[in-house]
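If you read the protein sequences in the order shown, they are chains D and G.
My numbering puts the first residue of the first sequence at 57, with every later residue one more than the last.
My numbering puts the first residue of the second sequence at 3, with every later residue one more than the last.
One or more of the hints may lead you astray.
[Stated by the list, open to error] Partial chain G-side listing against chain D, Cβ under 7 Å, derived:
| hint | residue |
| --- | --- |
| 1 | A56 |
| 2 | I57 |
| 3 | T60 |
| 4 | I64 |
| 5 | P68 |
| 6 | G69 |
| 7 | L70 |
| 8 | Y74 |
| 9 | D82 |
| 10 | A84 |
| 11 | F85 |
| 12 | P86 |
| 13 | R91 |
| 14 | L95 |
[What the hints assert, rightly or not] If you want the ones that stay clear, here's a sample from chain G, every Cβ over 10 Å from chain D, calculated:
| hint | residue |
| --- | --- |
| 15 | K63 |
| 16 | L81 |
| 17 | M87 |
| 18 | F92 |
| 19 | L93 |
| 20 | A105 |
| 21 | D115 |
| 22 | F162 |
| 23 | G174 |
| 24 | A190 |
| 25 | R193 |
| 26 | C203 |
For the record, the hints were derived by calculation from the structure and aren't laboratory data.
Where is the CB? At the ideal position from N, CA and C, for every residue including glycine.
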Amino acid sequence: MPDEFLIRVALAAIGVAVAAGPLGCFVLWRRMVYFGDTISHASLLGVAFALALNLPVVLGVLICALGVAAVILTAEGRLHHTDTLLGVSAHAALALGLVAVGFLSGVKVDLLSYLIGDILAVSWQDIWIIWAGASLCLGLLIWRWQPLLVSSLDREMALAHGQNPRREGVLFTLALAVLVAVAIKVVGALLITALLIIPAATARLGSATPERMAILAAIAGVVSAVAGLAGSFRFDTPTGPSIVVAAVGLLIVGSLVRKVAGRG
Amino acid sequence: MSNALITVDGLGLVFDGRHVLHDVNFTLDPAEIVTVVGPNGSGKSSFLKCLIGAIKPTEGKIIRKPGLKIGYVPQKLHLDQAFPMTVSRFLKLAGSVSQADKAGIVEKLGLKDVLARQIADLSGGQLQRVLLAHALIGKPDILVLDEAAQGLDQPAVAGFYRLIEEVRRDMGCAVLMVSHDLHVVMSASDRVVCLNGHVCCEGTPTIVSAAPEYRQLFGHGTEGALALYRHVHDHNHDHSHTHDDSHEGHDHAG
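So that you can see chain D by itself, here it is in the shape it has in the complex (with noise of 0.2 Å):
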């Protein structure tokens, strides 16, 4: 019988990766790989923010990650390629939060914590809260579906079609705000974005359509999150990065099956 600290920790892991599964296919579909991991570096941003004002940290990632999403969709573009754009966000974002946490004289902040997760210290609040995150990312999926789908190929159609493009990318850039709030205590700032593409790009090997594509992410996401753990508790190894591991385990064997398969 798993105790209960088993559980919370299972729970925590599995309610980020059910999400990120699908939320990751769209970013591997609309190629938002590096948006993704601009929002994700600016949680650090956040945390420094949420200690400093005393805020909860899932707040202040929220804040920051939607502050910066709104600067790269507003900039798009404009002055600099969206590539550079995102390339110098993401490290500036990354470098700011570093040095807002070593301004916080005050406090003892445990920085490798956040950079790569802290997920045997979730509490029950921290698991409501992540369950609520993670339904509201696949709640919005399941209801912008089909245009999400639309504007995901080709917006021309989209607009076409009498759809909202730019609408359905702010909403889905709102859904993956959410899920860095929530998913830091669980892998980190370094490591969401793998946590949102890897288990999608195992899922690809395996499918002819979209929803498919979704369905088998959230379960590859949950694979790794459970064998991760398992395994960090097996070699004493820190949770997160083995969750990750995991996940690039999933799609290599993922990958040869899919060789040998097709050969035969």
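Fit chain G to the supplied structure of chain D, relying on the hints for placement.
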């Protein structure tokens, strides 16, 4: 006039400080086929984007008939390798229509055999027909094609044009086609509009299917789907647009 599907009045567009379009007047009537030709950089893509509502014009206005449905056929689909999408799933994205209607379109465009295939694996001609089917499923009042024949060889272009003509006949939708080919247009075009920042000239294509020398020019198997358009410009462009051809070169139909 009030019958028009789309009326464009004094349209102007400034983009990046450049006057891409100015004083464009245009109407599209029901069931009419109009080909818009123009060199690269002539603003024809911007014009199209204004029409489908993707760009807001800087000047003038665009009046669309209330409830107007536009079927848009993009030049190609920038489908990421990471995006799994079968043809049949893609066609479902076009909206909910009766199975019979959809089956009819699939049958007509010869897509039955590719329904289970991935979009990314289709040939250029197949993808073109899939995009056309997608646009038609919504029963549009206007079918808008953006350089839809680009990348196809001449017999394929001719085949595609014949298909468009049949579609217009069967479904009664208007067709607005944009092409960078200044001289060779779809022979079924009711009107050809030459755009270069503004409307340079407008006219009907010369029907040339009977003349043997044109037959030769277009090769075999095009069966009169292509026609020449003879430009009659009453002005010269002093700005440095790169025409595919000079204005003087337009008269090889004569």
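* Hints violated by the structure (listed by number, smallest first) -> Hints 2, 3, 4, 5, 6, 7, 16, 17 and 18 are the ones this structure does not satisfy, whereas the remaining hints hold.
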